[in-house]
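Chemist: Chain residues, written in single-letter form:
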Amino acid sequence: MAKVMVYPPTSMILADLVERMGHEALVISKEVRKKVTTPGLDSPPLNMTAEDPKKGLKYAAVDVPSGVRGRMSLLGPMIEEANAAIVIKDNACTLGCTGCARTNELTRLLLRTKRIPLLELDYPKDEGEAKRFVHEIHQFLEELE
Amino acid sequence: MRVTKCVVTAQDSEVLPSDIAMKMYESGREINVKETCFGVIIDGEEEDVEEIMNEIRAMDPNNIFVKDRGFPPGDPRRCRGHRGGGARPGFYMLEHESAMLPLISQGLASEERGEEPALAEEKKHLSEGRLEEIIEEEFS
Amino acid sequence: MIRIAQLSCGPEYSGVQKELETAAEMVGAKLIFPEVSLEDIKNVEESFGVEVASGDLNLAMARATRIVENPDLADAVFVATCFRCAEGAIVRSEIRKFIHENSAIPVLSYSFTERTTADTLLTRMEALVTTAKYKGLLSRERQTGLTAGIDSGSTTTKSVIMRDNEVIGTGWVPTTEVLKSAEEAYDAALKEAGVKKEEIEGLGTTGYGRHLVGKHFGAKLIQEEITVNSKGAVFLADAQKGPATVIDIGGMDNKAISVQDGIPGTFTMGGICAGASGRFLELSAKRLGVDITELGKLALKGDHTKVPMNSYCIVFGTQSLVNSLSAGSKPEDVAMAACHSVAEQVFEQQLQEVEVKEPVIMVGGTSLIEGLPRAMEQLLGIDVIVPHHSQFIGCVGASLLVSGLVED
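Residue numbers (our numbering), protein chains in the order written: chain A, 1 to 145; chain B, 1 to 140; chain C, 1 to 408.
One should not assume that every hint holds.
As the list claims (entries may be wrong) - 27 Å max Cα-Cα, derived DSS-like pairs, lysine-lysine: (1) A:Lys-35 x A:Lys-58; (2) C:Lys-357 x A:Lys-34; (3) C:Lys-133 x C:Lys-330; (4) C:Lys-215 x C:Lys-241; (5) C:Lys-330 x C:Lys-301; (6) B:Lys-124 x A:Lys-89; (7) A:Lys-125 x C:Lys-133; (8) A:Lys-30 x B:Lys-124; (9) C:Lys-18 x A:Lys-58; (10) B:Lys-34 x A:Lys-34; (11) C:Lys-18 x C:Lys-196.
Claimed, not checked - Which residues of chain B face chain C? A partial, calculated answer using Cβ under 10 Å: (12) Gly-84; (13) Gly-85; (14) Pro-89; (15) Glu-95; (16) His-96; (17) Phe-139.
Hints were generated in silico from the structure; no laboratory data involved.
We treat Cβ as the ideally placed atom computed from N, Cα and C, and that holds for glycine.
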């Protein structure tokens, strides 16, 4: 079973396809869960504090905006854990954890340079594209085993 | 560890959110179920949730999708009623991808049947000569 | 409860969302998030004018459009993005302009880092709430009765006594211990005015120490310096009708405020580093071996173009100063370069964020350093007015506004 990071890491479609084919989907909600269920922290909405952008220094320098470094403190560990990734290229509806384009660009760069099996595609717009979309993901995930 | 999942049905599914909720109640597991406009939000211990997910999917495999959620259901930190209004960012993504689910369902059905999808039509670039012709046609 | 619509990108991930909410709570306001649909976000190119790469900024623009279409949704707007994000800064500026041009809702624009705290935001939030809540009080044009004002600043403490729309006594002391300095300044003003403390009908306080001083003296009005100083400025410059721009360069920070018909509107407050404040001029005067009160006259004789100097950071600014003196530059040129450098920082940082409309009024203790208003005139290409009593605008504004509460 592989740990497959999905991008956008908020994608229900990708995560579902990964899981139904028997692998573990790395999604950002799992990182958010760790944060919001930590007792003793009270920093709504996500329980992120000034310490998190500092953790993000591992991935981006101090002169990179705090919002990038904060988001990377959530995404970085996922990227490190991943042994494969599926990336959707067209970035419609990236908000919240994926609401910063610089963070998204850095995430895609780090996934690519990690040299793990990587599948890139676009969201399907019609039936033909949808069939190819699901088929390619299916084949990719089968080959991971 | 307690986990929260959203169970989302594609528009073409004959399974209603209430059917899913009923299946959860019948399972006798300690799982909280809440119906929403997209489907159902459930939370419970990870093992219980994993097990029930397989049963739920089996109700309509190509039309039921599962999304993990970081916040427990009704958490005031992500509740419209508590946080000065406004939808949570995850809600927009859910809405955006939900609209695509019928297509994904078709893709899954096609895979199930073992069909080889048709190749994408290759878009041919226009030759320079033809572009010139079009320009001349327009301005003549 | 004043509702401040938050249009932002990044505070939740920078760990400062709680600080924003605390600051709002401290000034009796609540942050709200106007509802928008997914369609609104996708249509932002058409409705606002551009769709950018970062989704959260598109969401902010969609919210701005919604507020302009439904002004009842919010009493004020707070636009905030990460410091050092160019995309964020551009969108923030455009949102501010958009709301300002299409509604009467006051807007506060801010760039935060992970180190931003509720205290950093407090003065700005207070000013935002004041402009949203107290339009009636702020429209007051005449001081009536016998009232007083105390401005407890970081560097100096000032006081005035006013009667029937005239300043009849002033006091000015360096700030040492806050309450002690306030007593000294107040006593000096009362002495000059020839009145006793008990005769004063109402006292208003402002400045960093306003809460402590206000509580001590039982002030009827305790108000932040953004609204109060701009009110005092347009009063003293007799510019309470039509537009005006107030530039207040203080001992440690600086502010630029747009005023319309005597009511303060958009404002920015800066001081990324003390290089854009009186602190740098103090340092320059010391290094040049002149009293701060003589620096201005010296600067007027000089030519800043002969001495390159940039005080974005006070440390680098001081280095330039020292280097130029060792290279044989004339003291008057160095003095004018120091004034020019401070004016330039304010010009680049603050004056790009407010619409600069004449008359431009320079106030605060630094306005008495003649080289500084001259440097600002050169940069803006517009005449700059330094009204009489320009260093007392805080206490004049407080005294004027408190007379409105006394009448009631």
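Chemist: Each hint should be assessed against the structure and marked as holding or not.
Modeler: Hint by hint, here is what the structure shows:
Under the criterion of a C-alpha separation no larger than 27 Å, the hint pairing A:Lys-35 with A:Lys-58 is consistent with the structure, at around 19 Å. Restraint check for C:Lys-357 and A:Lys-34: not satisfied, since their Cα atoms lie roughly 52 Å apart, outside the 27 Å limit. Distance hint between C:Lys-133 and C:Lys-330 is unfulfilled; the C-alpha atoms sit about 51 Å from each other, more than 27 Å. Only pairs whose Cα atoms come within 27 Å are accepted, and C:Lys-215 paired with C:Lys-241 is rejected, the gap being roughly 34 Å.
Between C:Lys-330 and C:Lys-301 the CA atoms are separated by roughly 10 Å; this keeps the pair inside 27 Å, and the hint holds. Of the supplied pair hints, the one linking B:Lys-124 and A:Lys-89 holds, its CA atoms being roughly 22 Å apart against a limit of 27 Å. Between the alpha carbons of A:Lys-125 and C:Lys-133 the distance comes to roughly 50 Å, so the proposed pair goes past 27 Å and is violated. Distance restraint check for A:Lys-30 and B:Lys-124: the Cα-Cα separation of roughly 44 Å exceeds the 27 Å cut-off, and the hinted pair is therefore not satisfied.
Of the supplied pair hints, the one linking C:Lys-18 and A:Lys-58 holds, its CA atoms being roughly 24 Å apart against a limit of 27 Å. This hinted pair checks out: B:Lys-34 and A:Lys-34 have alpha carbons roughly 22 Å apart, not beyond 27 Å. Restraint check: the Cα-Cα separation between C:Lys-18 and C:Lys-196 comes to about 46 Å, which exceeds 27 Å; the hinted pair is violated. Hint status for B:Gly-84: holds, given a least beta-carbon distance of 4 Å to chain C, under 10 Å.
With its C-beta approaching chain C no nearer than about 5 Å, B:Gly-85 sits inside the 10 Å limit, and its interface hint holds. About 8 Å separates the beta-carbon of B:Pro-89 from the nearest beta-carbon of chain C, less than 10 Å, and the hint is met. Interface restraint check for B:Glu-95: the shortest CB-CB distance to chain C comes to about 5 Å, inside 10 Å, so the restraint holds. The criterion of a C-beta within 10 Å of any C-beta in chain C is met by B:His-96, whose closest approach is roughly 6 Å, and the hint holds.
Checking B:Phe-139 against chain C: minimum C-beta separation of about 30 Å lies over 10 Å; hint violated.
Violated hints, listed in ascending order, are 2, 3, 4, 7, 8, 11 and 17; each of the other numbered hints is respected by the structure.
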